[in-house]
Amino acid sequence: MRRFFVRHKFLMKLCAVALLLAIFCGVFLIMGWGSLLHRVGNTVIYPFQWVFSKVGDGIGGFVMHFEDVDRLQEKIDALELENESLRAELSDAEILYDEQAWLYRYLSMKEEHIDYQMCAARVISASGEGSGGFETLLTLNKGSAHGIQKGMPVVSTSGLVGMVVEVGINQCYVQTILKPTSSVGALSPESSDKGLLEGDFAYLYQGQAVLKYLPEDAEIKEGDTVMTSGNGSVYPYGIPIGKVAEVSVNPHSRTKEAIVTPFHDFSDTKEVMILTSYIRYTEGDHTPESEGGA
Amino acid sequence: MKIQRFRGVDSYGDRTLHTGGYSEKRQTYRAVKLLVLALITLCLLGGIQTTLLAKIPLFVLPSASPALCLLFVLATGCVFGEKEGGICGCFGGIVAECLSMDALLGGIMLLPLVYAVLGYASGVLFQKILAGNLPSFLVFAAVGSFFDGGFRYILMILRIGALPPFSFLTHGLLPVWILTVLFSPLIYLPVRAVKRKFDKDPLVT
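So the protein sequences, as listed, match chains A and B.
Heads up: the first sequence begins at 1 in my numbering, then just goes up one per residue.
Heads up: the second sequence begins at 295 in my numbering, then just goes up one per residue.
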């Protein structure tokens with residue numbers, strides 16, 4: 001042991017100095033100056049720490065940038081997914097909103113004609129060859145499986161559209177009032193003049209139909225409204241059709257003709273209602289005649 | 295002796311220095327130069343240890359940075375000798391104590407004593423037991439870091455009363471120990487290079 005102390009005299013001196021330092025610190029601590037040496041030491045080391053802190057910030061920021069790229073990419077992916085689902089939800093909501101608005105408009109019609117039993121249908125396709133963009137034949141997404149039958153009238157919120165001419169299981173075909181083969185019993189409530197509204201090639205390009213066979217002394221004039229008369233076996237009484245755009249006299253048949261601009265826009269039909277059942281009335285007689293609808 | 299072969303005027307402008315053997319002045323100059331260099335290096339390493347390395351997440355080890363001051367003390371002891379290691383350890387302990395976020399034992403500086411012993415022991419053991427190469431230093435760095443961690447654990451127990459040993463091992467000792475061993479070549483090799491430069495410098499030998 002003595003040999004060890006003699007051999008490592010320097011270590012003993014060093015330990016003594018270190019112990020003295022510790023004792024001094026202990027004394028300072030008792031005197032209330034415990035942090036004095038630390039403060040002195042920190043003052044000396046602070047500039048070094050400051051420099052490396054700045055360097056560390058730079059490196060840390062640089063490393064963080066690359067770490068963030070992955071994290072941000074993950075976040076972007078997650079947000080894109082969320083955005084996609086939200087878009088789908090929004091699209092659904094928009095469709096529902098449109099449908100709701102559409103149904104609301106029909107509700108007012110339903111309130112007006114409580115006897116109407118209606119079936120909402122969506123236009124799958126529309127054709128209007130040689131019609132200048134106006135629809136003459138519509139394909140709807142409802143068919144015999146939904147109770148649709150041939151001859152049922154088809155209306156929109158703005159007015160008469162046409163009638164069902166062909167029925168499949170899940171689809172049906174509607175001939176619009178613009179089609180030259182179509183004819184609808186119509187009248188003008190202002191003048192009480194009756195006629196037959198027919199599609200005409202001459203006016204198809206303007207999206208108009210012609211109210212024919214009006215009496216020569218008919219008082220119908222430009223701007224008068226035209227609606228279904230209820231005569232015939234297809235259309236109920238009082239469905240608005242359009243407005244008179246022009247009145248002329250046919251010199252061959254000695255009858256008047258009125259060119260009618262339909263209320264319904266036949267250039268962009270999306271949703272319609274098929275009247276599946278209604279009570280048949282005739283002009284001036286509001287007692288039900290019979291139940292109509294094909 | 296290299297000094298005897300040197301001919302010329304040194305930084306002191308004293309020609310008599312070149313003709314004699316070891317002088318007191320020369321030894322003092324060497325010691326002061328070494329001490330200043332060691333102190334600056336310790337401060338630099340302390341700064342790096344507590345700021346730069348503490349900010350960069352190393353190997354997913356949370357709040358752990360290698361004990362660079364301890365490594366420098368051990369490297370000095372191994373390369374320069376036990377006396378230099380002891381003195382450097384004393385200063386290294388002061389720096390390490392000042393760098394501690396909270397004083398380990400309420401402000402009583404005990405780390406200088408520990409570091410001085412470790413620095414001195416590294417000088418003695420490195421020359422007597424271990425071979426003077428890098429793998430030997432890695433072993434010594436691991437042992438030294440383990441002792442340092444153990445001492446800190448004892449001081450913390452003395453200070454806060456109780457500390458779960460497993461938690462301290464996994465969260466405190468082990469990460470620091472691994473990082474210290476990994477960083478040891480980065481300290482040892484430059485210190486050895488400085489020693490070789492000192493050996494070649496005719497003014498300081």
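Honestly, the hints are just simulated from the structure, not real lab data.
Ideal Cβ placement from N, Cα and C applies to all residues, glycine included.
Just so you know, not all the hints are guaranteed correct.
[As the list claims (entries may be wrong)] Below, computed lysine-lysine pairings styled on BS3-like, alpha-carbon distance capped at 25 angstroms:
#, chain 1, residue 1, chain 2, residue 2
1, A, Lys-54, A, Lys-75
2, A, Lys-150, A, Lys-110
3, A, Lys-9, B, Lys-319
4, A, Lys-13, B, Lys-491
5, A, Lys-54, A, Lys-13
6, A, Lys-13, B, Lys-494
[Unchecked claim] Pairwise CB distance ranges, derived in the manner of DEER restraints:
#, chain 1, residue 1, chain 2, residue 2, range
7, A, Leu-19, B, Lys-494, 53 to 61 angstroms
8, A, Asp-68, B, Ile-448, 35 to 43 angstroms
9, A, Lys-13, B, Lys-494, 25 to 33 angstroms
10, A, Trp-33, B, Pro-429, 44 to 52 angstroms
11, B, Ile-448, A, Val-40, 37 to 45 angstroms
12, A, Leu-72, B, Ile-448, 32 to 40 angstroms
13, A, Glu-84, B, Ile-448, 20 to 28 angstroms
14, B, Pro-459, A, Lys-13, 28 to 36 angstroms
15, B, Leu-428, A, Val-40, 52 to 60 angstroms
Here is how each hint holds up against the structure:
1. Using a Cα cut-off of 25 angstroms, the hinted pair Lys-54 of chain A and Lys-75 of chain A is violated, with the two alpha carbons roughly 29 angstroms apart.
2. Taken as a hint, the Lys-150 of chain A and Lys-110 of chain A pair is honoured in the structure, with Cα atoms around 22 angstroms apart against an allowance of 25 angstroms.
3. Between Lys-9 of chain A and Lys-319 of chain B the CA atoms are separated by roughly 23 angstroms; this keeps the pair inside 25 angstroms, and the hint holds.
4. Restraint check for Lys-13 of chain A and Lys-491 of chain B: not satisfied, since their Cα atoms lie roughly 29 angstroms apart, outside the 25 angstroms limit.
5. The straight-line distance between the Cα atoms of Lys-54 of chain A and Lys-13 of chain A is roughly 40 angstroms, outside the 25 angstroms bound, and the hint therefore fails.
6. Distance restraint check for Lys-13 of chain A and Lys-494 of chain B: the Cα-Cα separation of roughly 30 angstroms exceeds the 25 angstroms cut-off, and the hinted pair is therefore not satisfied.
7. Under the hint 53 to 61 angstroms, the C-beta atoms of Leu-19 of chain A and Lys-494 of chain B, about 38 angstroms apart, miss the expected range.
8. Restraint check, Asp-68 of chain A to Ile-448 of chain B: a C-beta distance of roughly 41 angstroms satisfies the suggested window 35 to 43 angstroms.
9. Separated by about 30 angstroms at the C-beta atoms, Lys-13 of chain A and Lys-494 of chain B satisfy the suggested range of 25 to 33 angstroms.
10. At about 46 angstroms, the beta-carbon gap between Trp-33 of chain A and Pro-429 of chain B stays in the expected band of 44 to 52 angstroms.
11. The hinted range of 37 to 45 angstroms is not satisfied by Ile-448 of chain B and Val-40 of chain A, whose Cβ atoms lie roughly 26 angstroms apart.
12. For Leu-72 of chain A paired with Ile-448 of chain B, a C-beta distance near 46 angstroms fails the hint of 32 to 40 angstroms.
13. Against the hinted window of 20 to 28 angstroms, the Cβ-Cβ separation of Glu-84 of chain A and Ile-448 of chain B comes to about 59 angstroms, which falls outside the hint.
14. For Pro-459 of chain B and Lys-13 of chain A, the hinted distance range of 28 to 36 angstroms is satisfied, since their beta carbons lie about 35 angstroms from each other.
15. For the pair Leu-428 of chain B and Val-40 of chain A, the supplied restraint of 52 to 60 angstroms is violated, since their beta-carbon distance comes to about 36 angstroms.
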